[in-house]
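Number of protein chains: 2
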Amino acid sequence: MVQTSAYDWWQRPDLCYQGRQLLFNGRSVENLASELGTPGFVYSAGRVRDNLYRLRQALETAGLGDRSSVLYAMKANRYAPLLTLLKQTGLCGIDACSPREVEHAVSCGFDASDISFTATSLSPQDYAILARYDGLFMTCDTLHAIQSWGQLKPGTAIGIRVNPAIGIGRVGNDKLQYAGCGTTKFGIYREQFQEALEIASQYDLTISKIHFHTGCGYLTPQLEQLDRVIEQCQWFINTAGSVTRVNIGGGLGVPHLVDDQPLDLQQWTAVLNKHFASNDLHLEVEPGDYLVKDAGLLLVSKTYVETKRDTRFVGVNAGFNIAPEPAHYGLPFQPVPLHWDSGSPMTPVTVVGNINEALDVWYENALLPDLADHDYLALINAGAYSASMASNHCMRGEFKEMLLP
Amino acid sequence: MVQTSAYDWWQRPDLCYQGRQLLFNGRSVENLASELGTPGFVYSAGRVRDNLYRLRQALETAGLGDRSSVLYAMKANRYAPLLTLLKQTGLCGIDACSPREVEHAVSCGFDASDISFTATSLSPQDYAILARYDGLFMTCDTLHAIQSWGQLKPGTAIGIRVNPAIGIGRVGNDKLQYAGCGTTKFGIYREQFQEALEIASQYDLTISKIHFHTGCGYLTPQLEQLDRVIEQCQWFINTAGSVTRVNIGGGLGVPHLVDDQPLDLQQWTAVLNKHFASNDLHLEVEPGDYLVKDAGLLLVSKTYVETKRDTRFVGVNAGFNIAPEPAHYGLPFQPVPLHWDSGSPMTPVTVVGNINEALDVWYENALLPDLADHDYLALINAGAYSASMASNHCMRGEFKEMLLP
Numbered sequence: 006m007v008q009t010s011a012y013d014w015w016q017r018p019d020l021c022y023q024g025r026q027l028l029f030n031g032r033s034v035e036n037l038a039s040e041l042g043t044p045g046f047v048y049s050a051g052r053v054r055d056n057l058y059r060l061r062q063a064l065e066t067a068g069l070g071d072r073s074s075v076l077y078a079m080k081a082n083r084y085a086p087l088l089t090l091l092k093q094t095g096l097c098g099i100d101a102c103s104p105r106e107v108e109h110a111v112s113c114g115f116d117a118s119d120i121s122f123t124a125t126s127l128s129p130q131d132y133a134i135l136a137r138y139d140g141l142f143m144t145c146d147t148l149h150a151i152q153s154w155g156q157l158k159p160g161t162a163i164g165i166r167v168n169p170a171i172g173i174g175r176v177g178n179d180k181l182q183y184a185g186c187g188t189t190k191f192g193i194y195r196e197q198f199q200e201a202l203e204i205a206s207q208y209d210l211t212i213s214k215i216h217f218h219t220g221c222g223y224l225t226p227q228l229e230q231l232d233r234v235i236e237q238c239q240w241f242i243n244t245a246g247s248v249t250r251v252n253i254g255g256g257l258g259v260p261h262l263v264d265d266q267p268l269d270l271q272q273w274t275a276v277l278n279k280h281f282a283s284n285d286l287h288l289e290v291e292p293g294d295y296l297v298k299d300a301g302l303l304l305v306s307k308t309y310v311e312t313k314r315d316t317r318f319v320g321v322n323a324g325f326n327i328a329p330e331p332a333h334y335g336l337p338f339q340p341v342p343l344h345w346d347s348g349s350p351m352t353p354v355t356v357v358g359n360i361n362e363a364l365d366v367w368y369e370n371a372l373l374p375d376l377a378d379h380d381y382l383a384l385i386n387a388g389a390y391s392a393s394m395a396s397n398h399c400m401r402g403e404f405k406e407m408l409l410p
Numbered sequence: 006m007v008q009t010s011a012y013d014w015w016q017r018p019d020l021c022y023q024g025r026q027l028l029f030n031g032r033s034v035e036n037l038a039s040e041l042g043t044p045g046f047v048y049s050a051g052r053v054r055d056n057l058y059r060l061r062q063a064l065e066t067a068g069l070g071d072r073s074s075v076l077y078a079m080k081a082n083r084y085a086p087l088l089t090l091l092k093q094t095g096l097c098g099i100d101a102c103s104p105r106e107v108e109h110a111v112s113c114g115f116d117a118s119d120i121s122f123t124a125t126s127l128s129p130q131d132y133a134i135l136a137r138y139d140g141l142f143m144t145c146d147t148l149h150a151i152q153s154w155g156q157l158k159p160g161t162a163i164g165i166r167v168n169p170a171i172g173i174g175r176v177g178n179d180k181l182q183y184a185g186c187g188t189t190k191f192g193i194y195r196e197q198f199q200e201a202l203e204i205a206s207q208y209d210l211t212i213s214k215i216h217f218h219t220g221c222g223y224l225t226p227q228l229e230q231l232d233r234v235i236e237q238c239q240w241f242i243n244t245a246g247s248v249t250r251v252n253i254g255g256g257l258g259v260p261h262l263v264d265d266q267p268l269d270l271q272q273w274t275a276v277l278n279k280h281f282a283s284n285d286l287h288l289e290v291e292p293g294d295y296l297v298k299d300a301g302l303l304l305v306s307k308t309y310v311e312t313k314r315d316t317r318f319v320g321v322n323a324g325f326n327i328a329p330e331p332a333h334y335g336l337p338f339q340p341v342p343l344h345w346d347s348g349s350p351m352t353p354v355t356v357v358g359n360i361n362e363a364l365d366v367w368y369e370n371a372l373l374p375d376l377a378d379h380d381y382l383a384l385i386n387a388g389a390y391s392a393s394m395a396s397n398h399c400m401r402g403e404f405k406e407m408l409l410p
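Residue numbers (the numbering used here), protein chains in the order written: chain C, 6 to 410; chain E, 6 to 410.
Certain hints may be false.
Treat identical chains as interchangeable: a pair holds within one or across any two.
[Said to hold, decoys possible] Lysine to any residue pairs mimicking SDA-like chemistry, simulated, CA-CA at most 20 Å apart:
{"id": "1", "residue 1": "K158", "residue 2": "R195"}
{"id": "2", "residue 1": "K158", "residue 2": "Y309"}
{"id": "3", "residue 1": "K405", "residue 2": "R137"}
{"id": "4", "residue 1": "K307", "residue 2": "P129"}
{"id": "5", "residue 1": "K307", "residue 2": "A133"}
{"id": "6", "residue 1": "K92", "residue 2": "S74"}
{"id": "7", "residue 1": "K405", "residue 2": "P129"}
{"id": "8", "residue 1": "K279", "residue 2": "N243"}
{"id": "9", "residue 1": "K307", "residue 2": "Q152"}
{"id": "10", "residue 1": "K307", "residue 2": "I134"}
The hints are simulated quantities; they were obtained by calculation from the structure and are not laboratory data.
Predicted, not measured: the structure shown is a model, and the values here were computed from it.
Construct all of the structure, not just a fragment, from the sequences and the given hints.
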């Protein structure tokens with residue numbers, strides 16, 4: 006494995022340079038780009054499984070193995086082969102947030118009873134479709150939702166999404182905070198919780214689950230805040246009285262920038278055990294990013310290299326519309342060359358896409374070697390919230406997808 | 006026409022309350038919502054034509070009628086019936102930015118010779134497709150593009166997109182500025198212009214057009230800046246020597262907020278005449294927003310009304326994924342009721358969508374009447390950069406579209 010200060014933070018045994026070639030899951034990425042065509046998303050089944058096993062193992066090690074579930078947040082990436090792969094592991098269920106997601110998960114092999122459903126602003130048509138799926142577990146995030154579901158499914162067990170009024174998320178990224186100082190649309194606050202219980206009671210609904218999700222992309226430094234969030238949620242668990250499961254949402258992050266450190270899962274389970282070791286509540290966690298983000302590369306073709314004034318631009322044949330996170334959420338995807346000689350001189354370049362918009366910039370001041378004999382680049386960490394959020398803006402929406410077994 | 010301080014800024018003869026009903030292009034919007042289903046985009050052919058006629062008329066009145074062209078920026082809205090409608094007026098061509106856009110425009114009735122093509126980061130495959138269209142006019146935005154096109158089409162006329170190094174756009178919205186202090190990927194700067202002319206000369210290309218586009222959504226207060234931008238571009242026109250056409254880009258805005266005033270077209274043409282009255286250059290303008298933004302409504306169904314702590318939320322059955330401007334570009338769509346009694350008490354509500362993301366908010370503190378007997382809302386100014394940028398995020402990407410004749 007070649008290591009340099011510019012490229013060592015993201016290399017790992019299944020994604021690294023060997024000799025000159027970048028290998029991913031044992032395959033030459035240059036060959037993949039050439040075979041698949043670009044733009045193309047390549048997902049590694051091995052990495053997805055590793056991420057899932059690591060998470061399960063951390064829960065096992067912390068003594069939570071038998072009383073915890075992992076639910077994949079399929080909104081992160083709904084590529085059908087990936088969903089079937091996850092079902093085949095037998096180690097995770099699904100977090101779905103729309104009727105079409107439920108239909109799609111079932112079409113990929115999941116049972117309705119594998120699916121935990123948590124959404125917002127459902128229509129009567131949505132409720133009618135969802136009610137068809139026996140075993141689907143519904144979490145309600147408004148008083149209105151409790152009433153709507155109660156009318157269709159009286160006497161059943163439901164979850165309530167609560168809003169602890171404090172948020173958590175990647176520092177400096179308020180777009181990814183779901184609860185906090187301002188009042189958000191998500192979940193039921195303390196002030197309305199008693200009324201929620203009364204409405205549930207009217208329809209003989211049992212509140213068996215409390216759900217909260219308060220931000221995305223947290224790493225180890227944010228675990229103190231997760232601790233405070235769970236602390237706030239204890240009140241809801243105690244007040245409901247009938248709770249057997251707690252869903253702590255998703256939001257487990259992966260390193261995005263050179264200074265990021267991976268989430269310390271031992272510290273993460275320590276926070277869970279602090280709150281849940283002494284009771285027998287079943288814990289659910291809903292990762293999206295954590296399972297698939299670093300298991301995906303976006304392969305693009307170089308279109309030009311040209312200096313304009315003080316900036317050296319590298320153009321590629323894909324724009325932010327097929328992977329909106331870098332442009333819209335301030336989470337750039339590091340571009341990396343598909344072959345590389347250790348010790349090559351590196352220069353800062355700005356990698357830009359093919360959309361006529363000022364924000365269509367993949368990465369500013371990326372360190373790259375001379376690209377004269379390069380046809381392609383790979384953008385790392387493109388496995389989540391990329392293809393699943395793609396648009397056909399400027400009619401530039403075409404791309405390939407591929408799962409490496 | 007019912008007028009109140011909350012609702013008077015956006016009402017106009019073809020979009021206003023008559024009696025209790027909101028009418029659009031002479032049709033009851035409530036009936037439209039009921040017939041079409043929601044979420045649905047409804048576009049008014051009449052309003053699009055009015056916008057186009059107004060722009061043409063302003064150019065005529067300023068003595069620029071015979072020496073100006075309007076090119077519709079189809080990236081704003083590529084709904085096929087709308088493109089055919091625009092072709093049928095005989096009053097505009099097309100600004101296209103990708104090979105698929107060219108194919109689509111031609112499939113809707115435009116000739117290749119109606120199309121001005123200006124894009125960025127084109128691939129060899131892109132150039133090969135574009136070269137098939139006889140009459141398509143290519144504007145190049147890099148030295149590399151001049152070379153690539155020159156190899157395919159030596160001896161032809163081209164445009165050069167230049168970067169005047171100053172920008173223009175809606176105040177406070179740097180996402181919509183395309184040129185300015187920082188170096189952007191767009192166009193060729195002064196520093197590289199001589200080299201651009203030399204490369205063109207190698208391929209016997211004639212530079213017959215100078216193109217610039219430096220921002221979006223400008224209104225009357227920004228015309229001083231447009232003046233300065235054109236001033237900067239004179240150098241390129243003079244230096245090229247062979248220019249017969251000048252394309253001043255798009256960016257003409259429409260009012261979005263209660264305090265916005267419509268762009269004063271007489272002042273706009275005065276800026277053009279200041280620079281171009283004394284020569285015989287043909288002028289091109291590429292509006293997108295100006296032609297279609299206020300000609301479109303997004304019709305949504307109310308899903309719930311509920312107070313959480315200090316905020317009254319109105320949920321609807323559509324999220325930011327089908328119309329990203331409000332969430333991602335800070336340009337909220339005013340929600341309006343489909344029926345309304347003048348003098349009804351109004352209260353501030355926050356209108357939110359059905360996507361599990363914190364930024365999925367349509368409008369904060371919108372003044373709306375009691376919605377107990379309302380099934381729907383309309384979001385105004387949804388005719389541009391909405392459906393054309395829609396994604397299937399959370400598998401909530403389904404919507405209807407309709408052109409009112």
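Checked against the structure, which of the hints given earlier come out wrong? 1 and 3
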